[in-house]
Amino acid sequence: MQLISCPWCGPREEVEFHYGGQAHVAYPDDPAALSDEDWARFVFFRDNPSGPFAERWSHAAGCRRWFNAIRDTRSHELLDVYRMDEAQPARTGTS
Amino acid sequence: MTAETTSGSSPLGAWTARLAELAPAVRVTERPFLTQLTLRVRDAQAQAAIGPALGVELPSTPCSFTRGTGPHGELEVLWLGPDEYLVLARPGVQQSLEDAIRAALGDAAGAVVDVSAQRTTLALSGPRVRDVLAHGCAIDLHPSAAPTGTCVQTLLAQAGIVLLVSDAGRDEFTLLVRSSFASYLAAWLIDASVEYRMVPA
Ligand SMILES: [Zn+2]
Chain A
281 MQLISCPWCG PREEVEFHYG GQAHVAYPDD PAALSDEDWA RFVFFRDNPS
331 GPFAERWSHA AGCRRWFNAI RDTRSHELLD VYRMDEAQPA RTGTS
Chain B
48 MTAETTSGSS PLGAWTARLA ELAPAVRVTE RPFLTQLTLR VRDAQAQAAI
98 GPALGVELPS TPCSFTRGTG PHGELEVLWL GPDEYLVLAR PGVQQSLEDA
148 IRAALGDAAG AVVDVSAQRT TLALSGPRVR DVLAHGCAID LHPSAAPTGT
198 CVQTLLAQAG IVLLVSDAGR DEFTLLVRSS FASYLAAWLI DASVEYRMVP
248 A
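Residue numbers (my numbering), protein chains in the order written: chain A, 281 to 375; chain B, 48 to 248.
The hints are simulated quantities; they were obtained by calculation from the structure and are not laboratory data. Hints are not guaranteed to be accurate.
Stated by the list, open to error - Listed below are several chain A residues computed to face chain B (Cβ distance under 10 Å; list not exhaustive): (1) G290; (2) E296; (3) H339; (4) A340; (5) A341; (6) R344.
What the hints assert, rightly or not - Computed far set for chain A versus chain B, every beta-carbon distance over 12 Å: (7) D310; (8) A312; (9) S315; (10) V323; (11) A334; (12) R336; (13) G342; (14) R371.
Said to hold, decoys possible - Part of the chain B face toward chain A, derived, beta carbon under 8 Å: (15) L127; (16) G128; (17) P129; (18) T201; (19) L202; (20) A204.
Note that beta-carbon positions come from the ideal geometry of N, C-alpha and C, so glycine has one too.
In isolation and in its complexed conformation, chain A is listed as follows (with noise of 0.2 Å):
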């Protein structure tokens, strides 16, 4: 097991985490004007990488809040975290 390190409470053990699916999706400006189409693209497609993934996660066993992750998703690996508030930090030279 990995430990993962919650940007309010600091390293805790994995298994006090909730997968929360791809971050920075936004909401639609206008949801009634998207098509059936727009609107199943904006609920069930999401991205499927290989390697780096910004990610939503939970620390749903500790302070219960929501935060983003940058999970390597070969390795399973969480690479960064951030705050909602805080912006996507960069990663280069992987893929």
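Knowing the structure of chain A, use the given hints to seat chain B with the ligand on it.
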């Protein structure tokens, strides 16, 4: 308005004798019926105004708690999140404490909710208390990593708990557990303490 939260029996009332048998390696006593208020407030000015009303400042550091004495007696204020606190006080002051916090909040956005019945509180101490907790809790409780004033929300034997380091030097901890998990956790504590009960006092 506020629900009546004190009744004749506490979640661990039936466990008093069995928990007492763990001494002297581990001393476990319930502190039943404490006043517990969840406080949500984000505005820094409002946070600062609540301190004087309680007689103790809100904790500003994550995973810590503050302690002091004010108009409502001895209080502990636990950090539960960046805008969330749990105020612990003696039994029976739910309404007056809630009124005082609401008055200090003024027009600022916030919430005060009586959650006294949600959790019960255990006072843990003794030379083996860290060993027992380590059987089911991954948090490093060595005094250098968890000094007095530490307050962590974590899992103990997979049950959600809030753990306070009340006095690191004297091996004193305070544990809050949801009422519905309390008897499970009491049974677990007794089981986890078995090997230490063999140690002569
Ligand atoms: Zn946390």
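Checked hints:
Taking 10 Å as the C-beta contact cut-off toward chain B, the hint placing G290/A at the interface holds, the least distance being around 7 Å. Residue-level restraint check for E296/A holds (minimum Cβ-Cβ distance to chain B is 6 Å; threshold 10 Å). For H339/A, the suggested interface contact is upheld, since its CB lies about 8 Å from the closest CB of chain B, less than 10 Å. About 9 Å separates the beta-carbon of A340/A from the nearest beta-carbon of chain B, less than 10 Å, and the hint is met.
Satisfaction of the interface hint for A341/A is found here, the shortest Cβ-Cβ separation to chain B being roughly 5 Å, below the 10 Å cut-off. Annotation: R344/A was flagged as interfacial toward chain B, and the flag holds, the nearest CB pair being 7 Å apart, inside 10 Å. Distance check for D310/A against chain B: the nearest CB is about 28 Å away, which clears 12 Å, and the non-interface claim stands. Consistency note on A312/A: stated as away from chain B, and its beta-carbon is indeed over 12 Å from all of that chain's, at 29 Å minimum.
For S315/A, the non-interface assignment is confirmed: its Cβ lies about 38 Å from the closest Cβ of chain B, beyond the 12 Å cut-off. No beta-carbon of chain B is positioned within 12 Å of the beta-carbon of V323/A; the least distance is around 28 Å. The claim that A334/A is not at the interface with chain B holds, since no C-beta of that chain comes within 12 Å of its own (minimum 21 Å). Listed as a non-interface residue, R336/A keeps its Cβ farther than 12 Å from every Cβ of chain B; the least gap is roughly 16 Å.
The claim that G342/A lies off the interface is violated: its Cβ sits roughly 5 Å from the closest Cβ of chain B, which falls inside the 12 Å cut-off. The beta carbon of R371/A is kept farther than 12 Å from every beta carbon of chain B, the shortest such distance being approximately 26 Å. Proximity of L127/B to chain A holds as hinted, the smallest CB-CB distance being about 7 Å (cut-off 8 Å). Because the beta carbon of G128/B sits about 5 Å from the nearest beta carbon in chain A, less than 8 Å, this interface hint is met.
A cut of 8 Å between beta carbons decides the hint on P129/B: the least distance to chain A is about 6 Å, and the hint holds. Given hint, T201/B at the interface with chain A, holds; its Cβ is 6 Å from that chain's nearest Cβ, closer than 8 Å. Look at L202/B: its Cβ gets to within about 5 Å of chain A, closer than 8 Å, so that hint holds up. Checking A204/B against chain A: minimum C-beta separation of about 12 Å lies over 8 Å; hint violated.
Hint check: violations occur at hints 13 and 20; the rest are consistent with the structure.
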